[in-house]
Every structure is written in C-alpha cells, then in structure tokens.
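Chemist: Let's have the full structure, built from the sequences with the hints guiding it.
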Amino acid sequence: MNISVESLGFSYPNGKRVFKSLTFQITKGRVLSILGPNGAGKSTLLACIARLLMPTRGDILFDGRSYLRMRQREIACAVGLVPQDIVPSFHYSVLDYVVTGCAPRMGLFQKPKAEEYEIAWTAIRRMRLEHIAEQSIMKISGGERQQVAIARVLAQRPSVILLDEPTSHLDIGNQMKVLSMLRELADDGYGVVMTTHNPDHVFLLDDEVAVLDRNGNLIFGNSHDIVNEELLSELYGTSLRVLDLDEIKRRVCIAEGLGENGQITKESDASEEM
Amino acid sequence: MRAFKINKRQLGTVLACITMLFVLATCGVAGETSNPEGKITLVDHIGRTVELPGPAQRVIGTHNPTMNMVVVLDGNGHRIVGFGNKDMAFGLYDLVAPEINEVTQIGKGRNINMETVMAVKPDLMMMPARFASQVPQFEEIGVPCLVLDVEKFESIKSALTLVGKATGQDERARRLNDFFDEKIKKISAIAEKAETKPTVLMLSGSSMTAVSTDAMLQNLMIETAGGINVTAGFQPDELWTDVDIEQIIAWNPEVIYIPVYADYTVEDILNDPKWSSISAVQNRRVYMFPSKLEPWDYPVASSALGLCWTCYNLHPELYSFEDLMADVDEFYQFVYGQTFSAERLGIE
Amino acid sequence: MEFERNRRYHTLLTGLAAALAGFCLIALSVGRYSMNPADVIRVLVERITDTVPSDYAMHNVVFIIRIPRIASAILVGASLSLSGAVYQGVFKNPLVSPDLLGVSSGACVGAAIAILGGGGMSMIQISAFAMGMIAVSISVAITRVLRSDSNMALVLAGIVTSGFMTSVLGILKYVADPETQLAEIVFWQMGSVASVNRAQMLAVLPVFIICGSLLLALSWRINILSFGEDEAKTLGMNVPLFRGIVIACASFLTASAVSISGTIGWIGLVIPHLGRLLTGPNNTKLLPVTILLGGLFMLIVDTLSRAAMSVEIPLSILTGIIGAPFFAWLLWRQREAVR
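Protein chains in written order, with our numbering: chain A, 1 to 274; chain B, 1 to 348; chain C, 1 to 339.
Calculated directly from the structure, the hints in this document are not laboratory data.
Since no wrong hints were added, every one of them can be taken at face value.
Some chain A residues judged to face chain C by a derived CB distance under 7 Å, without partners named:
| id | residue |
| --- | --- |
| 1 | A50 |
| 2 | L52 |
| 3 | A76 |
| 4 | L81 |
| 5 | S89 |
| 6 | F90 |
| 7 | H91 |
| 8 | Y92 |
| 9 | D96 |
| 10 | T100 |
| 11 | A103 |
| 12 | P104 |
| 13 | F109 |
| 14 | K111 |
Glycine included, every Cβ here is placed at the ideal spot set by N, Cα and C.
Modeler: What follows is the structure, encoded as structure tokens:
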C-alpha cells in the first residue's frame, strides 16, 4: 500500500490555518521523519493522515483511492497510529489491550478468539513484552506503555505506522532503542512515519524527511539532501551545525553552543528571529 | 395656709366608697357572667377548660366529623359561619343543610387563613386533637377553641354532650346519646345470640392494603355487631396500618368492608388476581360500608347506624332489613325531620 | 494460561448463576404467608405438571405475588448494573452512574406528573419511562447545540438536564396535595418493587432482553470505546454511531428499570466495581458477571426489605446504607490510585 498525500490543507473551525497544501509520499520500507518546531502542526498532520481530523482541502490517496470517503475501518486496516500518550482508565491487561488491534478486521459482534490472540501474542513477542503480558496497562512504566501501543498497532497489521513524537518522554538510551526499532519495522516492510523535533534523529535514521515549518510549508526529500544549517536555523531560530563526523561515520546535527550570558547567538544575522 | 386635714372617719368613708365602687364594677362584670342564662364552662377532650359567655352562635371548624356534631344537634348548618373542607363535606348536607355550601372557606388542616377567620367573627372554633397546636393562634384573636378527640362510641357521645352544652342544645344531645345507648344495647344482645361470628376485615380509603385496627371505631363496630376482627391484637396502637397483601391472604377474612370514600371499588378487589384466593372474594362477600350520603364509619352520631348495618350484614337472620330501616328512619326523622330510601343510602 | 483464566471465569459465572437460583428459592419461601422451600417446590412442580393446586392460596401467593416481585427485583438490579457498567466504559470513568444523562431525574418528573394527574400504576410507569428518555434526548440535544461530540459535553449536558429536572420536580412537589399526592411522589422516589404486577414486569422484559443482548454482543467493542474517542477511531470504529447505540441501550435499560421500581441509587455505581474486582475490566467477562451480580444483589436487598422488618424499608435507602460504605471501602482499597 502506498500512501500519497496530495495538497493536504487543514484549518481549525475558528479559521486558524495550520498548513495549506502539503504533498509527499509515504513508502513501504522507508522511515519518514516529520521534522518541525513546536506548534508547526506535526501532530495535526498525523491526525489528518489517520483521518482523526478531516482535512479542509486536498486528499490522501491509498493506492490511488481517495480516502475522504473511505470507511473508518478501511483506513484502520491500512494505517495504525501510536499516540504520544496513552492514559488508560481501566486495568486492562497488556494482552487484552493489544488484541484490540485486531478490531478493524473483525465483525461487529465478533469477539477475539484463538486466531486473534495468536496475532496479539506475535506482536507482543516482536516487541519483547512477554514478561508483562498479564499485567495491567495502568501499572507498567510509560516507556513500556508506549511499546505496548506499538504492539497493538502491529496487531492491526497495517501498511503504514504513524508515531507521534515517540521519543519525547524517553531518556537517551530508550530513545535509541525506539529509533532502532523503527528502523527494524521499516525493514520488516512497514511504512513508518514519525514526528520529531530533534534534527539529529533524522540523521540517525538516515532516510526520508518532511520538514514542516510554522507557516505550514513543507519540504520533502532525503535527509541528506534537505536538512542543512540554513534550513535548521530558520526553523528553530538558533544556530545549529550539520557535520559529517569521521569518528562515527555519520552526519550529525549539533548545537553550536550557548552564547555569552546564556544568550543564544547566531553567526549570521541574516534571518529574523522567529 | 391651712393644712388639709383628713380625719379617720372621712378617710374611712372615702375608702369605703372606693371599695364599693370597685366591688360594684367587678360585680357588674361578674354579674353578666354569673347570669345562669349565659356563661358556659366546659372541659374539652384534652383537659382544657373552655369558657363561653353564652351558647355559641357562630361556629367554625375544618374537620368534618367534629363539625357534624353541630349539624346533627341543630338539624341544620345555620350556626356554621366558617368551614375548611368543602370537598370533604358529606353529600347529605346538600339535602339537609345546603347552606353549608355557601359558608366561607377558612382554609384546611395547617393552612388556616386567620384573617378570614377574624372576618367571620366566630365565637367558637371546633378542632380535632391532632391540630391542638393551633389553639394559641385562635386564643390570640380571642376565639375560644373546643378540642375534641373522637374515635369510639364513648368519645362520640361525650363530644355530643360537650357540643350540646356549648351550643345550648343539651336536650337534643341527651336524646341522641339515649338513641346511641339503646342501639348499642340492642345490637350487643343480638350478637350474643349469633351462632357463628364471621371473620371480618375493614380496609382504608386510600389504600387497599391498609387495614383498620383495634384502636379504631370500625373494629369496635364489627365486634359489637357480632363479627370477629382478623386484625384483633394486630398493631393495636396504630390507626390505619399498611400490611403486605400476603398478610391479608394469611388472615383469609370471610367478609371484607371498604369505606364509601375509598379510592377504589368493590369490583377492583373482586377482579384483582392477587386477592382471588381469599374467602371473602370467592364468596363475593365484599361490601361497601354505607352510606352514600354520609360515611357511617366516621366517628359521628350516625355511626350508631353503622353499627346497626354491620349487624344486619353479618346476621340478617337475627336483624332484618326492615329492622335496620326502622332504626335508620328513626334516626334521620329525629335529626333532620326527613327519611331517605335504602337506595339513596346505598344499602343492599 | 488462557485456558486457566477462562476456566476460572466460567466457574465464577456458574457459581453466580447457582447462587441466584438458590436465592430465588429462598426468596420464594419468604413472606408473611408462611411457606417453606418444600412447599415452594411442590407448588412449582404442580404448575409445571399442570395439576390442580393443592393449596389455592399458596399457589396464588407464589405465582401472582412473589414471582412477579422477585422477577422485577432481578430485572431492575440487572438492568441498573449493566447500564452502569456500560456508562462507565463509554465515559472512560469508573465513577459514573446510570443517572449521568438525567434518566432518573427525568423519570421522577414523569412519575410525579402521572401522580398529580391521578393516574394508576400503568400510567405512572409509562410516564416515568417517557420522561426518562426525554431527559436523555435533551442531554443529547444540548451537545448538538454545543456542536460537540465529546464525552465532556455529554457529561455537562447531563448535569444541566438533571438540574433542570430536579427543579421541575420541586415545583411539582410544591403544588402536590401534601396529604396524599406528595407522599405518593416521595414514596415512589424512594424505590420499591412491592406493587409491581405481572403486566408491568412483562412490559419491560422485552427491553431488557433486546438491549441486554445487544450490549452483550457489543461488549468487546465497548472495551475499545473505553480507550477514548481517538484511539477507538484509529481502530476503525464509527465512534458516534457506536456510542449512540450503547448509550441508547443503556438509557432504555435504566428508564425501564426506574419506571417500575422508582429511583434506586448506588447499584449502577457499585456493582460494576465489584464485578471488576472479581473478573477485571474486560467487558466480555464483566458484563455477564455484572448482570448476575446486580440481579442477585437487588434480590437480596428486596427480600431483606420485605422479610426482615415489619415495615418495609424503601429500596434506595437500603442500597444506600449498603452501597455507600462499600464504595468507601473500594476507594480505600485503591487509595494509591486515587491519590
């Protein structure tokens, strides 16, 4: 399943426009990072792709079919969304939680049977969560909860997995684990889309990127081609360096440093402050 | 200047004069009240002493049974100037005392309008014991209250006597009480002779499953007339008591009475499947307690007739329909100067 | 593991059903007309084998008086508990009761109107049911006006509707005749299945069967609804439709129950909690357990109310006396979560 975003635009009911006309592709086997500052509309974009929000203009084509009129179930069979936070109200077990991922392919009155539980277990094993499968999702740690959410999306067996800021609450070790796992998922054949505001993650993943700025403009392409210092300084209003480091044999993005008296300085005073 | 001297004799005379004037003045007041044609002193049912300057001519009340005392003693309602419960008035009044329909309404129960009361200038307020707390309100505006607590024969007779005294109808009160005594005696004698005494249950007006108890007039009437109360000994200190339908089935009365003022009918009971196993329902011995013109199970003078009817209902072989109507006619002829047919009264 | 869990669950279910049946027998033997369980069984057998009853009075007491009452108690308890559990799932909040959208306050107003109009039992039942559903409709209409689909909007709308209905009830009580009508209204509010007859009970039975079955069939989907609107949508559920159906079923159930028994509180709140303690929050297991538990509990309470004391204590008072401390205990048990 290839997903093609065509001239997508979204404005809130009160008229505030988030983005005007976005066009890019989500490809199976690739990891697409959506990079942008706070408030740029990254989460809104993901919500539009999953059709939690209805776009105000444009369309998204699922293998050439418009998604505007598709049933929610069909969309759910193609796209899985891992939200930024899960706040459960009841003590469902991890297994019961993950098995709900099978819902889009089940009949209205159907209850999960051995087949569905097998799918759930496969997802749990894939995420290495067997040891907490019987525990309550309210009692596990935040990081584990996120992995459980990913397991549920795997149980959905979609073509595309969307993750909303999957690294935001994690320490550096867990961040690396998550990013590695996203790479693995893409290698397994999923189309992976994640939002982030950390430019170095883009280089770690070394794949496609869509940069969304505060004006709702988007630039799409390979990370190496698109992400440069000029772009970043416009995006974040601060001085960032993009360097190819021989010691670790990869491109990195790193802050230049703090200015005098704690002020953040810029080498060039060409761009305005955002 | 000459000192004003009063000698002892002058002082004595002056004092004597003042004293005499004083005595005369009080005597003058006392004289009015100690006039044998005037002042009436009563002790009412809650032990209060009630003093009236003369027979009450303008009586008010809100409680039907107590007001009824005045009506039967006068044979009409002319003495009544204020009433509180027009919708509860007996249908009989339309025939014998239509003037009661025109009487000023002073309010019901706890909501009495004291200004309206003052406007009709009453000289006596009659109330049941459960509203005795209102007495101070009336005393404040100078209206004497007669508090009556009527339930059984004795209290009814005593109430008749008291009201008779208060309204100057002592003679009629005495004659009515004689009638009462005579009927009680006669019916008790008949009941003695009865071979079998059926079991009887009397139900309340508001609920099919609330029953009369030993504390009530209804049980007394039934017992005196030769019936056995299924509720004998049951909650003897309560008035109408709610019971479970199963309790009624367990009692299995042979006869059931429902009041004329009931919210339901005899048919309702006969047709209710829950009641179908009860003896009284199976034998269709469910009756409406007379009369359609005024309830004979209320604590009023005509409860004597209720007693008579109960005896006729339970032992018609000993006290016939003709016997009953003779006593009924005697009562109404004396009280109102007219008689009413059995259909009118709802007697079968 | 799965097998173990299922076996434990099936044991629980069987145990509850057996307890319910057993207590039915006890409840049938209890009452002012004295009977022992052997008598009850004999009467039941006579009916099944269609023989002439040996004791007509006993037969009547069992079939016309006790069975309708017992069946009503079970129905009411099961309905209120089931709709409570379902409301808690839909609104993602274990502290929610079936009165959330104003069904109970609306039903009170309906009953009061019928009582003031001098209506009999059937009139009161119909009026209470109608007004209860009208109250729910008003709550939903308010959310339409607010142009919001969210749970929060429904909750707020429910508060508005309940408040409005309570005021209307106050007016009705004020104009009611204090000697007769007011007492009747208040007594109805306090809850009782004492005067339910067979016709009334049969009138609500279809609602219970249809709505109950529908909710049981959708019980797994209710799990998903309880994750929240967004998550449910991403799992492909038509959230407004499902939520609407589920809320409608639960409201019908509540309105039916309240229409025959008057308002009875605490059951819809406490029994689902008890069910979760026994079997976890998974609705496929919770809902059947809740139905049985609710029916059993209400049966016990009603039997106590008519047998233990000479004066019958209204049901909502008993459920409050039992339910409130139990709820406090539940909160204490989960105190870390509450903090």
